[in-house]
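J.: If you're matching them up, the sequences are chains A and B in order.
Using my numbering, you'd call the opening residue of the first sequence number 759 and step up by one each time.
Using my numbering, you'd call the opening residue of the second sequence number 73 and step up by one each time.
Hints are computed from structural coordinates only; laboratory data are not their basis.
There's no promise every hint is true.
Partial chain B-side listing against chain A, Cβ under 7 Å, derived [stated by the list, open to error]:
#1 Ser-95
#2 Leu-96
#3 Gly-157
#4 Lys-178
Derived DSBU-like pairs (lysine-lysine); straight-line CA-CA distance at most 35 Å [what the hints assert, rightly or not]:
#5 B:Lys-257 x B:Lys-225
#6 B:Lys-201 x A:Lys-966
#7 B:Lys-191 x A:Lys-966
Which stretches of chain B does chain A cover? Using the computed rule of at least three CB atoms under 8 Å from a CB of chain A, they are [said to hold, decoys possible]:
#8 83-93
#9 97-110
Each residue gets a CB set at the ideal place from its N, CA and C atoms; glycine is no exception.
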Amino acid sequence: MHELQMNRFVPQRSNALLRYGAAPTFVIAALYLSFALRASFGNPAWFFFPAAVIAATWIGGKGPGGVAVVLSTLTVQYYFVPPIGSLGINRHDLPYFLIFVGCEALASWVISWRKDAEDAIRQARDQLELRVEERTTELKNANEALMVQMEEQRRTQEVLQMTRSELARVVRITTIGELTASIAHEVNQPLAAVVANADACVAWLYLKEPNLSEARAAAERAIQGATRASEVIARIRSLINKRPPERIPVQLNLLIEETSMLAASQAARNGVTISTVLDPNLPNVFGDRIQLQQVLFNLVTNAIEAMFSVIDRRRELKIRSQVQDSGQVVVSVQDTGIGVNAETMGRLFEPFFTTRAQGVGMGLPISRSIIEAHGGRLWADSILGQGTTFMFALQRAEAASA
Amino acid sequence: MTDKEAIVYVIDDEALIREGIQSLIRSIGLRAVPFSSASEFLQAKRTDAPSCLVLDVRMPGQSGLDLQRQLNDAGIFIPIIFITGHADIPMTVRAMKDGALEFLTKPVRGQDLLDAVQKAVDRDRESRKERAELNAMRLRFDSLTPRESEVLKLVVAGLLNKQIADQLGTSELTVKTHRARVMEKTGADSLAHLVRMAERLRAALPK
Chain A
759 MHELQMNRFV
769 PQRSNALLRY
779 GAAPTFVIAA
789 LYLSFALRAS
799 FGNPAWFFFP
809 AAVIAATWIG
819 GKGPGGVAVV
829 LSTLTVQYYF
839 VPPIGSLGIN
849 RHDLPYFLIF
859 VGCEALASWV
869 ISWRKDAEDA
879 IRQARDQLEL
889 RVEERTTELK
899 NANEALMVQM
909 EEQRRTQEVL
919 QMTRSELARV
929 VRITTIGELT
939 ASIAHEVNQP
949 LAAVVANADA
959 CVAWLYLKEP
969 NLSEARAAAE
979 RAIQGATRAS
989 EVIARIRSLI
999 NKRPPERIPV
1009 QLNLLIEETS
1019 MLAASQAARN
1029 GVTISTVLDP
1039 NLPNVFGDRI
1049 QLQQVLFNLV
1059 TNAIEAMFSV
1069 IDRRRELKIR
1079 SQVQDSGQVV
1089 VSVQDTGIGV
1099 NAETMGRLFE
1109 PFFTTRAQGV
1119 GMGLPISRSI
1129 IEAHGGRLWA
1139 DSILGQGTTF
1149 MFALQRAEAA
1159 SA
Chain B
73 MTDKEAIVYV
83 IDDEALIREG
93 IQSLIRSIGL
103 RAVPFSSASE
113 FLQAKRTDAP
123 SCLVLDVRMP
133 GQSGLDLQRQ
143 LNDAGIFIPI
153 IFITGHADIP
163 MTVRAMKDGA
173 LEFLTKPVRG
183 QDLLDAVQKA
193 VDRDRESRKE
203 RAELNAMRLR
213 FDSLTPRESE
223 VLKLVVAGLL
233 NKQIADQLGT
243 SELTVKTHRA
253 RVMEKTGADS
263 LAHLVRMAER
273 LRAALPK
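Sequences are here, hints too, so could you generate the full structure?
T.: This is the structure:
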């Protein structure tokens, strides 16, 4: 408010001469016009002098308005109020004259009040506009700074993410290396005991007079060693099982491409061509990348092996990814193998069930439990003599996180 | 060829392995004495008999390689057969440089271990015999009087009795008497035998 008034007075002070000059100018103009038009309009002084006061007030403000009132009062009294040519006044003209002066003063006051108010409003508006503009600029600057900051933060985040995943990879490799060395030692110790005691047992039995009690003691120690070895393995297995699977967004298409690359040489050796039909808009799924890759690799390896005995047609392996209307992401691995019959189909996911001479029968049950732990399904379709398709469905990442 | 006196010390922190190896060794008629750590072995009284050490490299506390160094520094010479879960090259080189006889990886094949043990015991028996001979010889040579030692030195250098008598400023007869005493005390059959014994002793001395 203080600033506002300062601004308002500065221009007034600078042209004070002009403003105060307006009062005599308009009064002289009114005097001239009154004389000039007296012949045609009776006594126009009553009109022109108030007009001069109003004009002087309008242009110059309160001060010049007052000056104009005084000047015009004196001029009217001198030139137009009898006795004309003197500052005296007849008694009966006095009320009219005072009314005239009062009206002039009132007009001047009203006009100057009005003008002050208008000026104040205009000043306030200008001030407000100026402020709005300043604020807008400030906001714009702040916004720009924020954008820069956000960009920086995003880049930092990216670098951080990269570093973190690289670190995770290194840690995983190191951990696997350490774990392997540690497991190797843990398992090797009891195995060394088994071998030493079994050797001793055999040696005692091969003597000319076999020493059965020594042989038996050695055999029992061998059993102890073997039991210990299996305990170590059980411990490691429980360790691995207890590890909570990761839940991060996984791009299945990428995983499929990696897997088909990993399996490429095995496929080539067996005359199998791998093709992929991937949905470019496949949404991410939430899950453990390594476990999902394990499932894919297992299915692909199975498919390749299912085509070993195929000689009458092309050995083709097709991996497909798609989104269903329900929002589920479905991956299918299709082979042109011999297919499986209904009975085998029923047992496909049973642990230790295998149709291969060297199979362990754990691949599919493990794969299914991994997919189910991810909240999905794994199933198979087969046409005998034409091939088998394994499919798994997972929730898309957005839906799964909600 | 078994040896009823021979002793095999088995040092391994793993009881089952220790007992297996022990049993295996006993099955061919050798004595096996087990220890669960290097310090236990060092504190034990060892029997004076041909022996060898079957030693695990990786043990809590003092490792097998450390024990080997310690024994070497203390002048205890006993053949060592190392067994280890995984052998890297630097480890093997170090052990062999320090005189290890064998370096076997776990699980050790029984026959490999028995062959190594047999070889180690044989070698120890020989070196013990050699050391015993040397000791006896040294005792005999130590029993010579200072004068006899002087005569011995000159005889071995190839001087004749007359020359020795000249050098020592005595008569040839006196030298002859000393020389006969030297032959008698050292148990030498001939001059050649005496020279050989003196050479062997001198070769063994700096050690």
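J.: Can you list which hints this structure breaks, lowest number first?
T.: Those not satisfied: there are none.
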